[in-house]
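Trainee: For the record, the sequence lines run as chains A and B.
Here the numbering used here is used: the first residue of the first sequence is 1, the next is one more, and so on.
Here the numbering used here is used: the first residue of the second sequence is 1, the next is one more, and so on.
Hints are supplied without guarantee of correctness; some may be wrong.
Unchecked claim - No more than 27 Å apart at the CA atoms, straight line, and that leaves these computed lysine-lysine pairs for DSS-like:
1) K94(A) / K130(A)
2) K78(A) / K94(A)
3) K160(B) / K94(A)
4) K160(B) / K130(A)
5) K94(A) / K76(A)
6) K290(B) / K353(B)
It is worth saying that the hints were derived from the structure and are not from the lab.
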Amino acid sequence: MYAYSPEQLGRNEEALRLYADVVRRWPRDQEALCFEAKTLMALDRYPEGIDRLLAAAEIGPLSFHAVMDLGRAYTKTKDVDNAIDAYEAARHLKPYDTEPLDRLQYLYRMRGRHQDAYEAVRTILRVDPKNPRAQRLLPYLERNRGR
Amino acid sequence: MNVTAMLRTFMCGLTRAVWHGRWGWYHTVPLVVLWATYVLHRYRVLGNVLVAALPVVAAIVMGFWLVLVTDELVHVVRLTDRLARVVRGVKRASLAAIGAYAALACVVWANGDGEGPVVRRPAHVLSRTNARLGSARYAWWTLGSSERPGDVHRVLWSSKDDADAYVGGDVELVLRRGRVWLWRVLEVRRDHERYLLTMLEAAPASRTALAGLVRLYAARQDFDRAMQWYTTLTRAYPDEPDVGYSLGGALVESRRYRDGVAVFRQVLAMRRDYESLYGLGYALAWAGEKREAATYLREATTLDGEDYRAFYSLGYVLLATGEYRDAHAAWSRVLELVPVFPEVQQNLRQVEKRISLSGTR
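Looking at chain A on its own, in the form it has when it is part of the complex (with noise of 0.2 Å):
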């Protein structure tokens, strides 16, 4: 796929307009879906993205990256609630992985659900103990939870 040299060059609208022509010629290509979502969402345009990811989790299960960019895309345009379920699907892909955890606490703590927040976070410092930013929000949330 050429488009994908432009787009790790950070030229994003040359890069979206060869993944356009890629979609374009085999609508059902879901890595190149996954591409143009990418790169729309670096042109800040965020709900065209995730209509792509959509289509491309309609043609097969998306991969961790293309959920985490869904979630992303999700939080950009304020829709916490889906963005909390694309980024619970990708800590079910990756569990062991801090990122989709570390979005989600804020995501939770966005709705209030401060317990779930904690229960992020205790996660995040089982696999990461140095993490700074758990760390830090651990005795903010152990205030806050289950109450």
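Start from chain A and add chain B according to the hints.
Mentor: Chain B in isolation, oriented as in the chain A frame:
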């Protein structure tokens, strides 16, 4: 009926049950092998034993039915005693090998449940081998350790592994120590640092590589290098607020407040939105600049009145500057947005007391 007769009847029934149940056994064994193979792939461990065991078991399982049919024939066709003994010996050896395989799978399964810290080890890919033994197909990586030259590990390939890992390339082994002290391999992923540095060699102005290096070193808390690459990035691309935002956040989380403030100021010059204002206000508050922090946090609340974070931090900043009524208003808004928030509820009670004590402030 006396006890001896009862016992004899029972033993006779048991022998018959075992004899007639052997067909169940014959079907159970391949299922055990399937389960064990799934477990060994799912909870793969670092080491060579497994890769060596798999072809042996695959060959045995493929020949297993042939052994069983021959064993059945021993009962109906007259064979020499010696041949019958050999057939039974082969059958028992097959069952023993499969039993050992299942036991190994049980150990790996128990090991895989561990939830200890995750560690990363650099390695390079020496080869990827695809094995095909009839219906059994699998692949494994041969990896050379970057930390201890000469150490070679074999790891079963998994669909979870990074598709960008290639022979001759550098990878990172994501490992976790299991319950029985074996290293479970969670993932083989591309060594992102080396990948980005190689990209920079090919394209020195690559925005993706520069931004990636800033993020990578910030995540590793190697802030000196992160700041160095951030300076290079902003020199080449003055409009790159997202990278600065994540770097600023990481600096504040690591209690490097002054550096965080400096980065957030740059970000704010690029993009004046809620996140940048909140980030700068939060960093300033921790750096002790409460009054300036209040200015930025107030502005953030005007841009997004539905996000509780700026109101929450503003409450603390205003409390510190003695503006109790405004602090009360900020935290009341937090409670409107997040109704269950014990800390804020308690803060509100305290600030109400202070308001009543200090009179009109």
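Trainee: Each hint should be assessed against the structure and marked as holding or not.
Mentor: Hint by hint, here is what the structure shows:
| no. | hint | result |
| --- | --- | --- |
| 1 | K94(A) / K130(A) | holds (20 Å) |
| 2 | K78(A) / K94(A) | holds (24 Å) |
| 3 | K160(B) / K94(A) | holds (9 Å) |
| 4 | K160(B) / K130(A) | holds (26 Å) |
| 5 | K94(A) / K76(A) | holds (22 Å) |
| 6 | K290(B) / K353(B) | holds (22 Å) |
Checked against the numbered hints given earlier, this structure breaks none of them.
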